[in-house]
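Generate coordinates for the entire structure from the input sequences, incorporating the hints supplied.
Heads up: the first sequence is residues 30 to 493, going by our numbering.
No wet-lab data here; the hints were simulated from the structure. There are no misleading hints in this set.
Below, simulated EDC-like cross-link-like pairs (lysine to aspartate or glutamate); rule was C-alpha separation at most 16 Å, straight line:
{"hint": "1", "residue 1": "K445", "residue 2": "D434"}
{"hint": "2", "residue 1": "K125", "residue 2": "D163"}
{"hint": "3", "residue 1": "K223", "residue 2": "D235"}
{"hint": "4", "residue 1": "K125", "residue 2": "E379"}
{"hint": "5", "residue 1": "K241", "residue 2": "E331"}
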Amino acid sequence: MTIQRPRGTRDFLPDEAFQRAAVRRVMQDLLVRWGYQEVSTPTFEKLELFTIKSGQSIIDEIYAFEDKGGRGLALRPELTAPLMRMYVNELQNAPKPLRLHYFGNCFRYERPQRGRFREFWQLGVELIGSEKPDPEAEVIALAHDLLKSVNVPVDLHVGHLGLIRAILGRIPAGDRPAIMRFIDKKERQLLAEKLEEIKADHLGLDELIDLKGRGALDKAMDLAEELDRISSGGSSPAPEDAISSGRQESSSSDLGGSPSSADPENGRSARSDTVGGASSSIREGLEDFGELVDLLDCYGVEAVVDFEIVRGLEYYTGTVFEAYATGLGAQNQVCGGGTYHLAGLLGGKETSSTGFGIGFDRIMEVARVGVERPSPVVLAFVPSVRAEAIEAAKRLRRSFPVVLDVMGRSLGAQMKYASAIGARQVVILGPKEVESGELTLRDMESGAQESLRMQAIEERLCSK
RNA sequence: GCCGGGGUAGGGUAGGGGAUAUCCUUUGGGACUGUGGAUCCCAUGACCCGGGUUCGAAUCCCGGCUCCGGCCCCA
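Here it is in structure tokens:
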């Protein structure tokens, strides 16, 4: 039996490889036009880079291994963390903001299905150094334009995590996993029951995640103020607490005996000097978010405000967004991103960034760029003038792709081969041509032939 | 990790407890060494893997691998 490729990996034959390269080229051209420079990082990294903020369930999906020196390594499961590692290592003193883009393969040990593979490609950007509405709008508009440039029709949803995190901060840590799960699974009935059970139904969580489209923002503001009133006097945890506790709950399933650092009580006492400003910072966050939505209008980007977007990543802090392609079945999310603080976690100066990743394999199922793979010109020759044929091919290759027979075939067989590989033009070289100094150019579709000098052939075929 | 459906030459297929496994296509050669597509001839090439039942398994049974789709999960 022959050796099969590993599960969840793919071979890309010439047609598909060409299409992928064409789509990639269109998108990368656009990225460069927006001033985002390409960078690339290693295929494998230290395992800790990916586990630093994650629990066991995520580690289970990583292709991790030990090298011969006993180092714990991992094939990268995504590219944001490696990019931020690179930033912290080498680019912290570069002028801000930093506009970077990447295209690379990633690996996850998952069950393959449509639009999901064990080796897959991501294209994305990170704008490092700011978190104001302006950079966020730029990044979201860029994501929108990128998808549009390759004719991927999408629904774009933008949300904000500030308020939902504040509300979760007031729910006992042990109940959060179930609640997050119900939100994610869109189990509204179960969510409502659970909120009632733990007497959290007055916090506005279920109302919040229902907020979509026009007017959602104003209502979210109302909810924020209401939240303020309910929690009379300084019991609101700072956003950072909500974030850090959010991390713990999603990464471990046995919260019963988990460290009490996840308990808002601790965070509260440690941060008692900041509590007064906490809820107002939520309002500020929402105001910025409103400005972002206005800016998207300026960019001509249609986006649905959607407070149900929570994203799986724990390091997102404010604005988040996702794009869903129409007509892709179960795996229709093709793009996701938001604003996050990762540099500090990786040992650098705290810096905020906004970025997104596009699932390249998923968009390839619907992307169209309208270019066809060109086939080379065949230079067919009579064996007696092989040396001259090699010389002629060398010259013509400066202008266009040329292939020469290497099978010792007759002229007729070379013509047959040219036809089989779809060559549109054949240049014929034999003793006659060598003598006259003019080559024969044959159009394979019409069968028309003419004698031309080398330069004329170059000009003719280049202009096509 | 769970559920369902598949796996016969490079691609597509027929068959089916018993003889050399069917056909189309592709590939290489030839008819045909100065002009392709057609036709003909020749050649190469397969029962996913392992175990079981059997005198005999590609066929039946079990396990595995893998592909497709749906869950779970999704940094």
